Each structure stands twice: as structure tokens, then as C-alpha cells.
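Based on the sequences and whatever the hints tell you, model everything.
If you read the protein sequences in the order shown, they are chains A and B.
If you read the first sequence in our numbering, its first letter stands for residue 93, the second for the next number, and so on.
If you read the second sequence in our numbering, its first letter stands for residue 512, the second for the next number, and so on.
Hints in this document: simulated from the structure, not taken from any laboratory.
All of these numbers come straight from a predicted model, not from anything done at the bench.
A portion of the hints provided could be inaccurate.
Stated by the list, open to error - Taking lysine to any residue and the SDA-like style, the derived pairs with C-alpha atoms no more than 25 Å apart in a straight line are: (1) K581(B) to I360(A); (2) K618(B) to L96(A); (3) K618(B) to Y125(A); (4) K358(A) to K580(B); (5) K618(B) to S120(A); (6) K358(A) to I648(B); (7) K618(B) to N142(A); (8) K618(B) to I360(A); (9) K353(A) to A614(B); (10) K626(B) to L390(A); (11) K358(A) to K618(B); (12) K581(B) to A206(A); (13) K581(B) to L501(A); (14) K592(B) to N475(A); (15) K626(B) to L130(A); (16) K581(B) to I102(A); (17) K592(B) to Y125(A); (18) K358(A) to K592(B); (19) K358(A) to R548(B); (20) K626(B) to Y144(A); (21) K626(B) to N142(A); (22) K581(B) to S366(A); (23) K358(A) to K581(B); (24) K592(B) to Q135(A); (25) K592(B) to L420(A); (26) K581(B) to Y125(A); (27) K580(B) to L130(A); (28) K354(A) to T523(B); (29) K618(B) to F123(A); (30) K358(A) to K626(B); (31) K353(A) to G536(B); (32) K516(B) to S366(A); (33) K358(A) to I529(B); (34) K581(B) to K353(A); (35) K618(B) to L129(A); (36) K516(B) to K163(A); (37) K581(B) to L106(A); (38) K163(A) to L535(B); (39) K618(B) to P361(A).
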Amino acid sequence: MAILLISLIIFLILGIPVAYSLGLSALSYFFIYYPDLLIILPQRFFSGLNMYALIALPLFILMGLLMNKTKITARLIDFSLLIVGRFRGGLGLVNVIASMIFGGISGSSASDTASIGAVLIPEMEKRGYPKQFAAGITVASSTMGMIIPPSIPMVLYAIIAEESVGKLFLGGLIPGVMIGVFQLAIVMLISIKNNYPKEEVSLSFKNIFFQVRSSSLALIMPIFVVGSVVFGIATATESAAIGVFYAFCVGLIFLGISGFKKYFSKTIPDCLNSAILTSAKIMIVIALSKLYIWILALERIPQTIAGFMVTLNLPPVMMLLFIVAIILISGTFIDVSPAILLLTPVFLPACIAVGISPIQFGAILITGLAVGAVTPPVGTCINVGSAISGLGIGTIFRGAAPFLAANILTLILISVFPQLTLWIPSLFQ
Amino acid sequence: MKGLKRIELVFTQLLEYILRLLFLGLIILVIVLVFLRYGFNTTIVGGNELIVILFIYTSAIGAAVIIGKKEHITITYFIEKMSPQINRFVHILNFLLVAILNAALIKYSFPWISKTGGYSTATLGIPQLYLQIIVPISCSIAIFYCLVQILLLLNPEKT
Chain A
93 MAILLISLII
103 FLILGIPVAY
113 SLGLSALSYF
123 FIYYPDLLII
133 LPQRFFSGLN
143 MYALIALPLF
153 ILMGLLMNKT
163 KITARLIDFS
173 LLIVGRFRGG
183 LGLVNVIASM
193 IFGGISGSSA
203 SDTASIGAVL
213 IPEMEKRGYP
223 KQFAAGITVA
233 SSTMGMIIPP
243 SIPMVLYAII
253 AEESVGKLFL
263 GGLIPGVMIG
273 VFQLAIVMLI
283 SIKNNYPKEE
293 VSLSFKNIFF
303 QVRSSSLALI
313 MPIFVVGSVV
323 FGIATATESA
333 AIGVFYAFCV
343 GLIFLGISGF
353 KKYFSKTIPD
363 CLNSAILTSA
373 KIMIVIALSK
383 LYIWILALER
393 IPQTIAGFMV
403 TLNLPPVMML
413 LFIVAIILIS
423 GTFIDVSPAI
433 LLLTPVFLPA
443 CIAVGISPIQ
453 FGAILITGLA
463 VGAVTPPVGT
473 CINVGSAISG
483 LGIGTIFRGA
493 APFLAANILT
503 LILISVFPQL
513 TLWIPSLFQ
Chain B
512 MKGLKRIELV
522 FTQLLEYILR
532 LLFLGLIILV
542 IVLVFLRYGF
552 NTTIVGGNEL
562 IVILFIYTSA
572 IGAAVIIGKK
582 EHITITYFIE
592 KMSPQINRFV
602 HILNFLLVAI
612 LNAALIKYSF
622 PWISKTGGYS
632 TATLGIPQLY
642 LQIIVPISCS
652 IAIFYCLVQI
662 LLLLNPEKT
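Below, the structure written as C-alpha cells:
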């Protein structure tokens, strides 16, 4: 067993892709202990690719990419401006609200950072906000993208944990909104202290009607994509396919006839390419982690950890807080998808053994790993934020740190109060 | 080395074109099945099986293409701290190890395919061989990209 862990750490430090580090580590293990079992290598690899439920993954990614390319960001920002722009620190508040809505459309935090950051960071800087604050709130608020449904990491967790995607989507709703509300409060406090500007927003009926109408096509999308899964009308794959079709149609409407040529010749092929490669990046981790997870099962590691946790006789809350600490540390070094694949089979059996719901654990896992997306050195969002703002990742992290308090507080609350993640799913039994 | 880069570029473009076609086929098929199911309460026999086949092919080939693009999920923190010479050496070692893993997958895929490749899929009746063959194919593509990257790293001044 030691060889499995040590070799994995060495391969990861050497900069070998996570997927291949898992595969090489498994190969070393088989080579040393079970050379006769090497034949199962391609079989496990293939079975990792051969999963119907995972087809939802590239489709959700494509849906987000298509929506992103249809000038939706500007409309959502205008709509958010209408809601919170008139308060002190208006653009900071807009950043959080837009991320909340965007999270319901893209399902990905990195695309949230890229689209909202590209518009709002320069605009906030122009209006007198420090760049560190603007970049910090952009990356911190984008963490909601992977918690608010539909969420790509939630789909991945649901498949690994063999849980209902719909229930997990619902389980992420309250934690996602809580993070948003806490972040709004933090932005307000900082803005009042530093006297950041208010925005002039017309609240005339005409303007409200215009803004709601122009963003309505984007706003209703999460309702029927998530709704179709939650109400059992469609499977996650089917709902993602409907989402892709909808996003395609919205693109046609928003871009107009003049944009058709570019839409079909450039936008769609680019989005297809991007979705395929992003999904393949995750799929290869899944395929090769199958080998690793198979060995963990062979060595009875999940059962051993579960047994150990039970013998500690900790109250479920204490155990969860202990796991939360491990999730936060792991998230700092490992990307979200591989972390889900590695941590779920190790900790879920222990959680189930002490009566913790897989839905609650899933929400905690994703919320915890979302923090990792904003922490150096591997945080995806912080790296995207750095590329957009031109600031170093250390500077952005210092800017994001006050807002991450909202994520940590939410994480603690959903660990202590299971109903925050289980109440809404229980309404749809 | 320019020739090698050119070959890699053309090969990647060809694979990306194939990937787009496969993925487009997958999307259209899923959407058609959804509309048939909810609109007309019918389906295409074997449609779901075909979707899975397209998905496996797309994922396997896509994962190999990413090696050439160096876009796999990686922890780069430690390797970025190394001196340029050590960094280059470690990169070469990494591609070599990835190639070895793929070679092992190819080696052990043949006895596996010869044992189970004759069984047919449940609905379409396609021999499993046509699905399983993607393992050695994608691993061969991955090895090609690893070797190209190693050669390019060994001749940095010429690229």
C-alpha cells in the first residue's frame, strides 16, 4: 500500500499529469505485488470510459460554453446592476449577483471568472475600486459556479457516489445561496468602510421591463435544466442535451442574422473543441483513477478508514469537520475533478458508517473543493483571474481572502446543520 | 524539427476534426432521442448504445490529443521552481513515463481483447472488439505525442 501512496506523490511532484500519475502508480503496484493481474489494466481503463451517465459531462460543459459566447454576460451584469447597483459598492455587489446567476447557467467556476472578470475587473478599476479588490471578489464569487446547480462537479460526484444528480443539485442550492449572501454582506461592509461608489440606476418601469426581458432567456435556462432533472422528467444527460439545444437557440436569437456566419464557422466548432478536450481531460482521470480505486478496494482501504473513524467514536459533526480540514488541504494541491475521484471512495463509506448522508457529504466536498479553486498554487479560478487582471496569484488571493470567509462559514454551517443540505432534497422525495 | 512540428500540427488538426464529427454525432443523437421520447413516445433501437460508443471514442482520442497540447490536469508548482535544465530533463522523463504507461496498456489490451472482443453488444450486436480497439488506438496516439514532445525537448534550439 505504501508504494501506491509514495509513488503517487512522487509522480505528482514531478509534474506528471494527475491521470497518468494515478495510472503509473497503479502500474507500479501491480508490477511489484500482482504481476498476474496486469491484464486487468486495459479492462479497468475501458470500464472507466464506458459510463453512460458521464455523457452529461461534455454536454453540460458545451451548454456553458455556448451560453458564454452569446454575449450573455453583459445582459446578466446589466440585470444585476438593476438589483444591487444603487447600493454602496454597487459594482462589487453586481459581481456577486452576476456570479450567482452565471453559476446557474455555466456550471463551472473557471468560465464564470473568465466571463465576468473580463467585463467587471476593468470596469471596477475605472470606477475607483482597487484592482486587488476587484479581482479578489471576482474569483471568490465564482466559486458559487460549482455549487449552485447545475454544477459539473456535482454531476461527477453523483456518478462516483451513485447518488441522484437531482438531489445533489438541490442539496447545493442553499449552500450556494448562503455563500452569495455572506459575500454580499462582506462587500457591503468593505465598501462602506472604504466609501466605494454607488451606481446610478434608473428604476423606471421601462428600464426594469427592458432589462428583465433582455436577460429572461438566460434566466429561465437553469429553471428548466435543473427542474427537468429534479422532477424526474429527464435524466442528467437528457437535461444537459436539452440545455445544449436551448443554448444553441439562444445563441441564434442573441447574435442575430449578422452573427450567423461567425456562429457556425467559428463559435460552434471552437465550443465543440473546447468541450471535447475539457471533458476528455476529466474522463482520462476517471478512467485511470478506476485502477487506483480498484486497488484501494482490493486493499480494503475505505473499509479500514471507515472502521478507524468509527473506533474514534467522534460525533458525526466532529468527524465531518476533520474531513473538511482534509478536503481544504487537498483542494489546495489537487484540482477539483481528481480530488472528487480520490476523496469520495475514501471518505464516503466512513461518512455513511456514522450516519452522514451522501448528499450532505457531496455538498461539503464540493463547497470545500471550491475554496481550493481560489487558493494558490493550483487554483483554477485564481489562475484565470491572474491571466485576466494581470495581477499575481498571491495578490489576488489576498484580495479574495476576506470573501473566502463566506465559503468557510458556509462550510462549517452545512457540516453542523445537515438540514441546510438535506431539507430541499427531502421536499422532492 | 520543423517538419516534425508540421506533422504533429496536421495530425492534431485531423484528429480534432474527427473528434468534432464524433461529438456532433453524439449531441444530435442525444437530442433526437430526447425529442422522440417526449414528443412521440418512441426511440431509436440501439441509439443509447451508439451514443456510448461515440462517447468512448471521443474521450479516448481527446485524452491522447491533450498530451500534444500539454493541457492535462497537472500540479506544476514544484516543477516550475526547478532550474531550466532540470525542468527540461524532468519534462522528458514525464513524457517517457506516460509513454511507458500507454505502452503497457497496449501490451495488455491484446490478450484482453482476444478473450472478450468476440462478445456482442446488447442491442446493436456489434462485437466488443470494435469498442475495445480504441484502447490500443488511443494509447498509440498518446505514445506518438509523447515521442514528438521528447524529440522537441531534446532539440530546443532548433524548434
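Results of checking the hints against the structure:
| no. | hint | result |
| --- | --- | --- |
| 1 | K581(B) to I360(A) | holds (23 Å) |
| 2 | K618(B) to L96(A) | holds (22 Å) |
| 3 | K618(B) to Y125(A) | holds (19 Å) |
| 4 | K358(A) to K580(B) | holds (20 Å) |
| 5 | K618(B) to S120(A) | holds (15 Å) |
| 6 | K358(A) to I648(B) | violated (29 Å) |
| 7 | K618(B) to N142(A) | holds (20 Å) |
| 8 | K618(B) to I360(A) | violated (38 Å) |
| 9 | K353(A) to A614(B) | violated (44 Å) |
| 10 | K626(B) to L390(A) | holds (23 Å) |
| 11 | K358(A) to K618(B) | violated (40 Å) |
| 12 | K581(B) to A206(A) | holds (21 Å) |
| 13 | K581(B) to L501(A) | violated (37 Å) |
| 14 | K592(B) to N475(A) | holds (17 Å) |
| 15 | K626(B) to L130(A) | holds (15 Å) |
| 16 | K581(B) to I102(A) | holds (19 Å) |
| 17 | K592(B) to Y125(A) | violated (34 Å) |
| 18 | K358(A) to K592(B) | violated (38 Å) |
| 19 | K358(A) to R548(B) | violated (32 Å) |
| 20 | K626(B) to Y144(A) | holds (24 Å) |
| 21 | K626(B) to N142(A) | holds (18 Å) |
| 22 | K581(B) to S366(A) | holds (14 Å) |
| 23 | K358(A) to K581(B) | holds (23 Å) |
| 24 | K592(B) to Q135(A) | violated (37 Å) |
| 25 | K592(B) to L420(A) | holds (23 Å) |
| 26 | K581(B) to Y125(A) | violated (32 Å) |
| 27 | K580(B) to L130(A) | violated (29 Å) |
| 28 | K354(A) to T523(B) | holds (23 Å) |
| 29 | K618(B) to F123(A) | holds (14 Å) |
| 30 | K358(A) to K626(B) | violated (44 Å) |
| 31 | K353(A) to G536(B) | holds (21 Å) |
| 32 | K516(B) to S366(A) | holds (22 Å) |
| 33 | K358(A) to I529(B) | holds (16 Å) |
| 34 | K581(B) to K353(A) | violated (31 Å) |
| 35 | K618(B) to L129(A) | holds (13 Å) |
| 36 | K516(B) to K163(A) | violated (36 Å) |
| 37 | K581(B) to L106(A) | holds (15 Å) |
| 38 | K163(A) to L535(B) | holds (23 Å) |
| 39 | K618(B) to P361(A) | violated (35 Å) |
When each numbered hint is compared with the structure, violations occur for hints 6, 8, 9, 11, 13, 17, 18, 19, 24, 26, 27, 30, 34, 36, 39.
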